[in-house]
Each structure stands twice: as structure tokens, then as C-alpha cells.
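> Construct the complete structure from the given sequences, taking the supplied hints into account.
This is what each chain is made of:
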Amino acid sequence: MINNSPVLVPLLFLASAISIPVLAIKKTKVAYPVTIVASFLSVVISSYNIFCVWRDGPLTYHFGGWFPPIGIEYVLDPLSSFIALVVNVVAFFVLWHSSGIQEGEIPGKSVPYYALTLLFLCGANGIIVTGDLFNLYVFLEIFALAGYGLIGIGEKQAPVASFRYLIMGTVGASFYLLGIGFLYIVTGSLNMADVRNILPHVYGNPALAAALSLIVIGMGIKMAIFPLHGWLPDAYTYAPSTTSALVAPIGTKVAAYVIIRILFFVFGVKFVSQSLPITDLIAWLAAIGIIYGSVMAMAQKEMKRMLAYSSIAQIGYIGLGIGLANPLGYIGAVLHILNHAFMKGSLFLVAANLRKNAGHSDISKLDASYRKKLPWSMAAFTLAALSMIGLPPTAGFFSKWYLALGAIDKGNWVFLAVILISSLLNAVYFFRILEKVYLAPPPAQTAGEDLPPETKRREGSLIGEEKYSLMIPVVILSFSLLLIGLLNANIVKEVIQRIIPLGM
Amino acid sequence: MTDFILGHYVYWSIIALLIIGLYGMIFKNNLAKKLIGMTIFQVSIIMFYVASAVKWSATVPVLDPVTGVADAAKYISPLQHCLMLTAIVVGVATSGVAFSLAILIYRHYKTLDESVLLERMKSP
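Just so you know, the sequences run in chain order G and B.
Residue numbers for the first sequence, in our numbering: 1 to 504.
Residue numbers for the second sequence, in our numbering: 505 to 628.
One should not assume that every hint holds.
To be verified - 20 Å max Cα-Cα, derived PhoX-like pairs, lysine-lysine:
1) B/K626 x G/K156
2) G/K436 x G/K372
3) G/K156 x B/K614
4) B/K532 x B/K614
5) G/K373 x G/K356
6) B/K626 x G/K301
7) G/K109 x G/K27
8) G/K301 x G/K356
9) G/K356 x G/K467
As the list claims (entries may be wrong) - Examples of chain B residues toward chain G, derived with CB under 10 Å:
10) L526
11) Q546
12) S556
13) L583
14) S604
15) L621
Simulated from the structure, these hints should not be mistaken for laboratory data.
Beta carbons are placed, not taken as given, at the ideal position from N, Cα and C, and that holds for glycine.
Structural data, given as C-alpha cells:
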């Protein structure tokens, strides 16, 4: 069905990103309202889109009225509409939360910051909806360039981390470009659906193997799959809190989506599983990454850095699900994209609240007073941590469950062991925080803390030092983990079952 | 064998450029030199696309009344060139962001040398 709706969200973000610097000439305060309204509209449009796709099947839009394969096509199929909704919902909560910490962390830079944020989201949505391989590259670079800016705006070390990310990210994007160059030479088309139809005629061509490997390596860098993760820890640690909370759930997931799209929807399961052992390679690297990320996370003293390493491990789960290349593993991977976006979003927002309220996010300095001062943040942290470990009925359990079932289905017991061991390691590094906060006896009251809580309350604060805008998004994100967990059977049956690629 | 090498000399030179670019990015200590490597790397990919559009005994993809439109094989493929115009723009934007980050780094640490930089990052 041809419809305008696939193009609406990227255009909305692009238009608002451009309008922010213009509108903010006189008043810099308009940047935030424009951002949050655009983000809210994107959530509304993507919810409507997923509903339409559900009812009518895939929606397509042809740019300039040129029909594919000549023109550029935007496609909303069940997979892209689902990922778009996840990205936009998480981004909305993170941006809502950003109003409270923005001025404290990067004073006076709200106009460029929000403009870049919207460009970043424009790129993410563009990557998700586009049906054209080269157009995907362009959006990938919009997305990445905005991301470098968002990271580089942070602490003193941030430009160095961002520079390193830029070098590696550019190599990744260039490999992707080289890969689609090979694909274009062989097939003569850049439209994904068209390439899919042409490919069976040229299956024997060795250039296809080169194209596939280059694309997977390139996107593997963006996704931070194990040996290509070098840019991630520094970038997440030194970036402003909002950026970490935005890039961690969205940035790597979008790259994972591109790998799923290219492997299973462009090359096709049959070709991928017969030509090269690339899915096995992804699965094994992901398995190493899961263990490596978890072990490194245990060694970290700073919360954001710990979460960054834990991201590498969680990306490993998604990579493992992709690499298993069977329906159960695939369900696990897609479900984990959803779960990890919510979990990491809320964990990074809690780290942001700690930095805002306590001035640090150093794990060794946490003690029992934090559960009094920041009760809601800590409750949210606990819930998200339990979900990361994978305790039922939180969401994290179910994606690991499907991954484990996929590993059993494949008959690979090493992967099953990896999933179980990593859950144990997750428990170690999260419980050491929970222990400090909840199980340690309350510290002896010092003179400064003797004051009754009423005198500490400021305007707009609910309990302790937390503002509504800092608290509510975190709480909603983490409590929705319970909801996702309880509704996971419906999500899998109604949504993810429909997006299992043909022939899997 | 010589045919294999000579017949694909364009691609061999592109591969050489690609490796020079990668070498610069990985082994050079100076951030500006890394960026030079990155640019060489991107240019090699642009040349790969342009080389793939080349065709013997064909003309530029501009409508020529003498050649006409009946035989499309008489024009070289314009698509790769259009794609690479976009890729050049993307490359320029990347360089712009990269150089502004390098300037920020220099302002904070007064150096662009990576080994010195890492030492100065450790001692705040």
C-alpha cells in the first residue's frame, strides 16, 4: 500500500532539527519545547504506523513519485515499524528526562545540543524506514555525525573519545559503502527488494561473499560487536548523561537492525547459511563478547563505565540471536533489542540522576543513604538490574529464554553455557551495587544530614532531591520492563512472529 | 597471471590506496595524520565506484543528439557518479566534524600526539 506515513517521522525530525537554530535566535529556551513536541509526535506517528502496518500490511512511499528500483523507496514493514516505535519511545523518555539535567551538565549549549539530538533521531528513523541501500548509508552518516557531536560535547576527555569513535565509525561506514558497491556491481540495483529478487540469479558470484563480509564488518563496528568495540566504553563514559542514555539504547540497536535487514531480508537466510559461515562467526564473536563485557563490567568502579561494558555484553546477546539464524534465536534477538533499549535507557538515566544529585556516579561511594535520598531512582535501578540479570517476570528473562531455546534448538551447548554464565556475572556486578545501597546499615548521621527532610525540599521536588522530570521517565521506563515481561507472550505472538524472515 | 595483475590495475591501485589509508589511521600517532589516512581511505572507495562505471567506447551520460537514446550501452552509467557526489559531501562533513573535534582536543590538552594525549588524559 502506498502511503505518506513512512516518510513522516524522519521528515518531522529533520524539519524540527533545522528549525531549532532559526527559532532560537531570539530565545534559546524554545529549543527544548520544540524537541519534546517533535519527539512526542514521532511516538504518536510511529504507534499509528505500527497499527496501520498490522492492519493493512507493509506501507511504502516513493520519493518524487519515482517508482523503485529507479527511485528511492521507504518501506514500513512489521520489523521496521516495530524498531521505529521502540527507538522513538525510548528517545521520548530520555529527552523528557533531559530537561532537568541539561543546564547543569552542558550550560549554554542547549540549542546545538537539541538540534543535534533531532538530527540523530532523524538518522536513526531514516535508517529504519529506508528501502534503499545507498540511502541507508547517507542516513547512517547523518546518524553517526550527529552522534559524534553529541558525545564530543561532554566532559574534558569526551572529544578524544568522540574522535576515536569517529575514526572507527567512518571505517565502518566506508566498509558498508564498499560492500554495497560490490553488491551494486553484481546486481545492478540498490533497492533492497529488487536486490533480493535479483540475487538468486547470481548466487555463484564470489563478489557477493565479499559484499556480505564487508557489510557485516562495517556494521559490526557500528554495533560494537566484540573485537570491534574499542570505541564504546570511553564514548559512553565521557559523553553527557543524556547522550549516553540516548546513544546506548538507540545507536547500537540501529546497527543491529541493519545487520538483520541485510542478512535475512536482502541476502536471505538460504544464501547466508550456505555461502559463508558468517552467522557462525557472528555468534561466536558475540559469545566471546558476552563473557568479555560482563567480566570487564565487574572490574569497573564507575557506574557509567560499568554500564558501557555491560552494553558490549548485551549487544552480544543480540549478535548471538542473529548468529543462531533460527526462529527462536531471531525472536530472542528482536525481543532483546526492545528489552535492552528500555533497560539501558533506565540504567543510564539513573546514573544521570546520581551525577545530578550526588555529584558522582562512583560505585565505591554508594551507601545506604542513597536509598533514602533517591528512593525512586534506586527502585528503578533495582528493577532494571533484575531485568538485566534475567529474573522472571522482568523483560530480560524472556529474551534470554528465547536465546537459550534457540541455542538448544541449534544443539550448541557452549552458547547455552555462555548465556547462563553471563547471567551469573551480571548478577555479580549488579548485586554489588544493590548490596551497598539496600543491605548495608545506614551510615551514622552527620551534622549536615540531621536536618528534617522538609527543609531540604525544593520547589518541584517530590522526595529527597528528585525532581518530577528526573524521576517519572526513569520510573516509567523501568516499570514498563515488568509490563513487557508480563505481556511478552503477546508481543512475541502478535508482533515478532510476523517478522520472522522467509525461509528461516 | 600477468593478465590478472595488469587487467585489474585500477583495482590494485585502489586496494593500495585503501591499505595506505588504513595504515595511516591505525599506526600514525598524530591525530591530523590519522585524519589524512581517513580521507585517503574514503577517496579510495569513491575511486572504486567511479572505476566501476567506466566503459570502453561509450560517452558521458549527457544526451548527445548524434548518439541518440536508442542504445543505452553507448553511455557510461551515471548512477555511480551521482552516488559518489553524495559520498563526497558526506566525506567533507565527516572531515569537518573530525577537525573541529581535533581543535577541541588541542584546546584542552595542547597536543595532537596520541601518546602524549593519553598521558595527559590520565593526569587531570
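> Does B/S556 pass the interface hint, meaning its C-beta sits closer than 10 Å to a C-beta of chain G?
Interface hint status for B/S556: holds (5 Å vs cutoff 10 Å).
> Is the straight-line distance between the alpha-carbon of B/K626 and that of G/K301 20 Å or less?
Within the cut-off at roughly 16 Å; holds.
> G/K356 and G/K467: Cα distance at most 20 Å?
Distance of about 11 Å is within 20 Å: holds.
> Should the interface hint for B/L583 be scored as holding, given a Cβ-Cβ cut-off of 10 Å against chain G?
holds, 8 Å
> Mind checking the alpha carbons of G/K109 and G/K27 for me, to see if they're no more than 20 Å apart?
Between G/K109 and G/K27 the Cα gap is close to 13 Å, so the pair holds against 20 Å.
> What's the verdict on G/K436 and G/K372, does the C-alpha distance respect the 20 Å limit or exceed it?
The given pair, whose Cα atoms are some 13 Å apart, holds under the 20 Å limit.
> Could you check if B/Q546 really has its C-beta closer than 10 Å to a C-beta on chain G?
holds, 6 Å
> When the nearest CB of chain G is found for B/L526, is that gap smaller than 10 Å?
Because about 7 Å separates B/L526 from the closest Cβ in chain G, which is inside the 10 Å limit, the hint holds.
> Below or equal to 20 Å on CA atoms is what counts here, so check B/K626 against G/K156.
This hinted pair holds, its Cα atoms lying about 12 Å apart.
> Can you verify the interface hint for B/S604: is its Cβ closer than 10 Å to any Cβ in chain G?
holds, 8 Å
> Taking only the CA atoms, is the gap from B/K532 to B/K614 under or equal to 20 Å?
The given pair, whose Cα atoms are some 18 Å apart, holds under the 20 Å limit.
> Is the hinted pair G/K373 and G/K356 satisfied, with a Cα-Cα distance of at most 20 Å?
holds, 12 Å
Checked against the numbered hints listed earlier, the structure breaks none of them; every hint is satisfied.
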